[in-house]
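Residue strings, one per chain:
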Amino acid sequence: MTTSKASESAASSSAGAAGRPRLVSRRNARRSRSASVRRRRRSSSIVLLLGLLATGVMWTVLAPGGNATETPDANEAVRQGRALFAQGCATCHGLNAQGSSEGPSLIGVGAAAVDFQMSTGRMPLAAPAAQADRKDPLYSETQIDQVEAYIQSLGGGPEDPDLTDADLNDADLAEGGELFLANCAQCHQAAGAGAPLTYGKFAPSLSQATADQVVEAMRTGPESMPVFGPGQINEEEAVAVAAYVRHLQDAPAPGGASIGKYGPVPEGLVAIVIGLGALLGVCLWIGARQKL
Amino acid sequence: MTTASAPVPKFQKRPTPARKVNRAIDDRFGTQGAIRRNFNKVFPDHWSFLIGEIALYSFMILLLTGIYLTLFFDPSNVEIIYNGSYVPLKGVEMSRAYASTLDISFDTRAGLVFRQIHHWAALVFVASIIAHMMRVFFTGAFRKPREVNWLIGIVLLMLALVEGFAGYSLPDDLLSGTGLRIAASIAQSIPVIGTWTSFLVFNGEFPGENFIPRLYVVHILLVPGILLALIGAHLGILWHQKHTDFPGPGKTEHNVVGHRVFPVFAVKSGGFFMLTFAVLALLGGLAQINPIWTFGPYDPAKVSSASQPDWYIGFLDGSTRLMPPWEFRGLGHTIPAVLWPTAVLPGVLFTLAALYPFLEAKFTGDKASHNLLQRPREAPTRTAIGAMSLSFYLVLFISGGNDIIAHTFSISLNAMTWAGRIGLIVVPPIAYVVTKRLCISLNERDAEIAHHGIETGIIRQLANGEFVEDHRPKPPPVSDYPQVPTDRIPLPAGAADGAHGKGLAHRAGKAVGGFFTEETEKPAGDAPVGGGSKH
Ligand code: HEM
Chain A
1 MTTSKASESA
11 ASSSAGAAGR
21 PRLVSRRNAR
31 RSRSASVRRR
41 RRSSSIVLLL
51 GLLATGVMWT
61 VLAPGGNATE
71 TPDANEAVRQ
81 GRALFAQGCA
91 TCHGLNAQGS
101 SEGPSLIGVG
111 AAAVDFQMST
121 GRMPLAAPAA
131 QADRKDPLYS
141 ETQIDQVEAY
151 IQSLGGGPED
161 PDLTDADLND
171 ADLAEGGELF
181 LANCAQCHQA
191 AGAGAPLTYG
201 KFAPSLSQAT
211 ADQVVEAMRT
221 GPESMPVFGP
231 GQINEEEAVA
241 VAAYVRHLQD
251 APAPGGASIG
261 KYGPVPEGLV
271 AIVIGLGALL
281 GVCLWIGARQ
291 KL
Chain B
293 MTTASAPVPK
303 FQKRPTPARK
313 VNRAIDDRFG
323 TQGAIRRNFN
333 KVFPDHWSFL
343 IGEIALYSFM
353 ILLLTGIYLT
363 LFFDPSNVEI
373 IYNGSYVPLK
383 GVEMSRAYAS
393 TLDISFDTRA
403 GLVFRQIHHW
413 AALVFVASII
423 AHMMRVFFTG
433 AFRKPREVNW
443 LIGIVLLMLA
453 LVEGFAGYSL
463 PDDLLSGTGL
473 RIAASIAQSI
483 PVIGTWTSFL
493 VFNGEFPGEN
503 FIPRLYVVHI
513 LLVPGILLAL
523 IGAHLGILWH
533 QKHTDFPGPG
543 KTEHNVVGHR
553 VFPVFAVKSG
563 GFFMLTFAVL
573 ALLGGLAQIN
583 PIWTFGPYDP
593 AKVSSASQPD
603 WYIGFLDGST
613 RLMPPWEFRG
623 LGHTIPAVLW
633 PTAVLPGVLF
643 TLAALYPFLE
653 AKFTGDKASH
663 NLLQRPREAP
673 TRTAIGAMSL
683 SFYLVLFISG
693 GNDIIAHTFS
703 ISLNAMTWAG
713 RIGLIVVPPI
723 AYVVTKRLCI
733 SLNERDAEIA
743 HHGIETGIIR
753 QLANGEFVED
763 HRPKPPPVSD
773 YPQVPTDRIP
783 LPAGAADGAH
793 GKGLAHRAGK
803 AVGGFFTEET
813 EKPAGDAPVG
823 GGSKH
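Protein sequence lines, in the order shown, are assigned to chains A and B. With our numbering, letter number 149 in the first sequence gets 149, and the count goes up by one each step, no holes. Just add 292 to wherever you are in the second sequence, counting from 1, and you've got our numbering.
Quick caveat, the hints were computed from the structure, so don't treat them as lab data. Do not rely on the hints blindly, as some may be mistaken.
Heads up, simulated SDA-like pairs for lysine to any residue below, C-alpha to C-alpha not over 25 Å straight-line [to be verified]:
| no. | chain 1 | residue 1 | chain 2 | residue 2 |
| --- | --- | --- | --- | --- |
| 1 | B | Lys594 | A | Gln249 |
| 2 | B | Lys594 | A | Ile233 |
| 3 | A | Lys261 | B | Lys594 |
| 4 | B | Lys382 | A | Asp165 |
| 5 | B | Lys382 | A | Gln249 |
| 6 | B | Lys382 | A | Gln232 |
| 7 | B | Lys594 | A | Met225 |
| 8 | A | Lys261 | B | Lys382 |
| 9 | B | Lys382 | A | Met225 |
| 10 | A | Lys261 | B | Val725 |
| 11 | A | Lys261 | B | Ile697 |
| 12 | A | Lys261 | B | Tyr378 |
| 13 | A | Lys261 | B | Asp395 |
| 14 | B | Lys333 | A | Ile286 |
| 15 | B | Lys560 | A | Ile286 |
| 16 | B | Lys594 | A | Glu235 |
| 17 | B | Lys594 | A | Asn234 |
| 18 | A | Lys261 | B | Leu686 |
| 19 | A | Lys261 | B | Lys534 |
| 20 | A | Lys261 | B | Ile703 |
| 21 | B | Lys594 | A | Pro226 |
| 22 | A | Lys201 | B | Arg613 |
| 23 | B | Lys594 | A | Gln232 |
| 24 | B | Lys382 | A | Gly256 |
| 25 | B | Lys382 | A | Gln186 |
| 26 | B | Lys534 | A | Leu280 |
I would like the entire structure built from these sequences, with the hints used as guidance.
Structure (structure tokens):
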């Protein structure tokens, strides 16, 4: 988030720089032209200074939240991350994450991709297959953060979203649902139950994905999943989608046992095996020949 | 004292009100005779004859629950903004049909459970029709004079599929819309008249204007009306022709042995209706079905993976999935691949099924009337044809859910598709050969028992060194009706079952055994006592 927040703060300070002269000029409108020009020049340089100051302050305030390459802590994280990477990932991704024949380059994939791949246990890849499966993560959260810091230090990229419960509760579920049905259901199925793609690839069930992983998956597009960038699904909408996925996972089924979530196929199975089965049992019972 | 005492007033029972009403009606319409005749009808009892009743009762439950739903459903394409109590759809634009289905599910008393019972009943209805049809087929009940009932049955089956599909399409959710869109493209694929047909059905280009009201009329009036009339005809013919029965003690081509309609059969049937309702209500109350709120309102731009039709249309979905994308061009027309698996295939299948009684009569030369059924093994070729058709259907049916099977069992979808294509060609002939062999060897075993008695497992060595097995003579015949002279012979399994309990499982086992118990017919003239009804 740092990159976008930093640019936001830059934007707000430049807006300030543009906004203040207007105020000043209105206040001095009745003064003589030369004086006003002189004053305006002086005031605009003050504004510029203030703006720069504000940017600096905001930078130092915001920066520790994420990519704090400047602070000793962050440096430590990067160093640890590099060490972990060299141990567990470099065989495939290259010593400097530049990529190899075994795995793609990770420069510029961002912390989001690392967090997604490592927290879903996909990385480190155990063995080449049609597609990496979700597994229990091999690394602790701190270790994942360290590798994230390392990869982020290499070439930036989408950041870890770090959603809170409050973010999700505030999100617009209906909007999330519409976006989910329009963008995700064609692969993951309307209830997020998952479905196969071609040749052994598949869109996995979303029953285990955390909200962070949902946003990370959208931003980084793992394997055959397309990238949904901020241009397509903005920040707020992405949170709404994550909230909707959480709703699909947690919401109780109002109609009783939710049999498989796929609709007609498990329903047909239940109707034939349990429904018709029970009624044939009744036939046997009623139709049993009694020995008098 | 007078000698002539007044005669003692004779006590006379006052007729009950019911009796009075009955007499009043009889005086005017002469109904008593007909009631007596019909109440005295005899219905044979074999468990497999009750399968048709499952279809009948689930149809009645469909009508009852359906009437409740019509009170709240709003068959309209008009778009509105949803503002009901299902939060994740609040503020979403949808048709009134979809919104009212949500309202039935969330804001109507008992709406959801009625919806669910209705849907489960529909699935079980079609399943029981097919089970019933299999019973009729494998026992040869369709033979002369019952071909007309077989034909009516085929029409009933087709109408049941149409009715179910119409119902599935009504709520206007994402699955409904996807299904209808496929239906529209099937209609369009018909050469020459396709586009015209599709426009006629949908009232314009798909999704059409005001299509839901049309569909609604089809679903609640047209098809159920025809179904009701045809079921009436089906049962009327059955009543008139009388039910078939398996050969057995005292049973001939010219009588029916069993229970009178009143009271035994009527009580059993009433109980059966209750139990059918109970099973469907349990399903409707405990298992969620068609959660339209997760699929969302229909929007032509959206589609969910793993979109399936209800199971009874699944075989057509399967045939579409297996069909290679072969397009035929020529004579100024394009015939898309979808035509063959979805229009031509079911056409051929239903035509063959409808013609089967006539084809069989032609090829076997058997033009006689039959009131006694055959056990499946007694007609090996028919049974084998049935098994072959069933396996063909099953391959299509399984392929209809191949994506979900592939996903659930981590198989490649492409592998599933190819397995289906090859299976469709290879499995039916295997089923034919295996079934026919099985029937023939079962017949041989029966003949063996009839001639040599039952194997005892006791091996004796004769003085000359030869080994022989002891055979026990057939046990004495048993009868369901002690009044009826009998020569039914229980098979070894039946004879040895003194060890089993007398529980439900035991009785069920015995009942299934009815299909497989060797029964020989006594020469006609053995008039059944008790429940016999002469033609
Ligand atoms: C709406 C669907 C149907 C209903 C409600 C229905 C109902 C019944 C009932 C209650 C019986 C008497 C009991 C029994 O033998 O099981 C019967 C008999 C019969 N049904 Fe159906 N049936 C339906 C569909 C079919 C179908 C699809 C076929 C075959 C294509 C069929 C063919 C027959 C025949 C031939 C008999 C006479 C059986 C005999 O006398 O042994 N029916 N039907």
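Right, here's what the structure says about each hint:
Between B:Lys594 and A:Gln249 the alpha-carbon distance is near 21 Å, which keeps this suggested pair within the 25 Å criterion. Simply put, B:Lys594 and A:Ile233 have alpha-carbon atoms about 16 Å apart, close enough for the 25 Å limit, and the pair holds. Annotation: proposed proximity of A:Lys261 to B:Lys594 holds, straight-line Cα distance about 18 Å (limit 25 Å). Simply put, B:Lys382 and A:Asp165 have alpha-carbon atoms about 21 Å apart, close enough for the 25 Å limit, and the pair holds.
Only pairs whose Cα atoms come within 25 Å are accepted, and B:Lys382 paired with A:Gln249 is accepted, the gap being roughly 19 Å. Using a Cα cut-off of 25 Å, the hinted pair B:Lys382 and A:Gln232 holds, with the two alpha carbons roughly 23 Å apart. A threshold of 25 Å between alpha carbons decides the hint, and for B:Lys594 with A:Met225 the separation of about 17 Å falls inside it, so the pair holds. Simply put, A:Lys261 and B:Lys382 have alpha-carbon atoms about 22 Å apart, close enough for the 25 Å limit, and the pair holds.
Proximity of B:Lys382 to A:Met225 is assessed by CA-CA distance (about 29 Å); at most 25 Å being required, the pair is judged violated. Distance restraint check for A:Lys261 and B:Val725: the Cα-Cα separation of roughly 39 Å exceeds the 25 Å cut-off, and the hinted pair is therefore not satisfied. Distance restraint check for A:Lys261 and B:Ile697: the Cα-Cα separation of roughly 14 Å lies within the 25 Å cut-off, and the hinted pair is therefore satisfied. Of the pairs offered as hints, the one joining A:Lys261 and B:Tyr378 holds, with about 18 Å between alpha carbons and a cut-off of 25 Å not exceeded.
The suggested pairing of A:Lys261 with B:Asp395 holds, with an alpha-carbon distance near 21 Å, which does not exceed 25 Å. Between the alpha carbons of B:Lys333 and A:Ile286 the distance comes to roughly 19 Å, so the proposed pair stays at or under 25 Å and holds. With a C-alpha separation of about 7 Å, the suggested pairing of B:Lys560 with A:Ile286 holds against the 25 Å cut-off. Among the hinted pairs, B:Lys594 with A:Glu235 is consistent with the structure: their alpha-carbon atoms are about 22 Å apart, no more than 25 Å.
Between B:Lys594 and A:Asn234 the CA atoms are separated by roughly 20 Å; this keeps the pair inside 25 Å, and the hint holds. Simply put, A:Lys261 and B:Leu686 have alpha-carbon atoms about 23 Å apart, close enough for the 25 Å limit, and the pair holds. For the suggested pair A:Lys261 and B:Lys534, the alpha carbons sit about 46 Å apart, so the restraint of at most 25 Å is broken. With a CA separation close to 19 Å, the supplied pair A:Lys261 and B:Ile703 stays within the 25 Å bound.
Distance restraint check for B:Lys594 and A:Pro226: the Cα-Cα separation of roughly 17 Å lies within the 25 Å cut-off, and the hinted pair is therefore satisfied. For a cut-off of 25 Å, the pair hint linking A:Lys201 to B:Arg613 stands: about 18 Å separates their Cα positions. The straight-line distance between the Cα atoms of B:Lys594 and A:Gln232 is roughly 16 Å, inside the 25 Å bound, and the hint therefore holds. Under the criterion of a C-alpha separation no larger than 25 Å, the hint pairing B:Lys382 with A:Gly256 is consistent with the structure, at around 22 Å.
At most 25 Å may separate the alpha-carbon atoms for a hinted pair to count; B:Lys382 and A:Gln186 meet this at roughly 22 Å. At roughly 23 Å between alpha-carbon atoms, B:Lys534 and A:Leu280 fall within 25 Å of each other, so this suggested pair holds.
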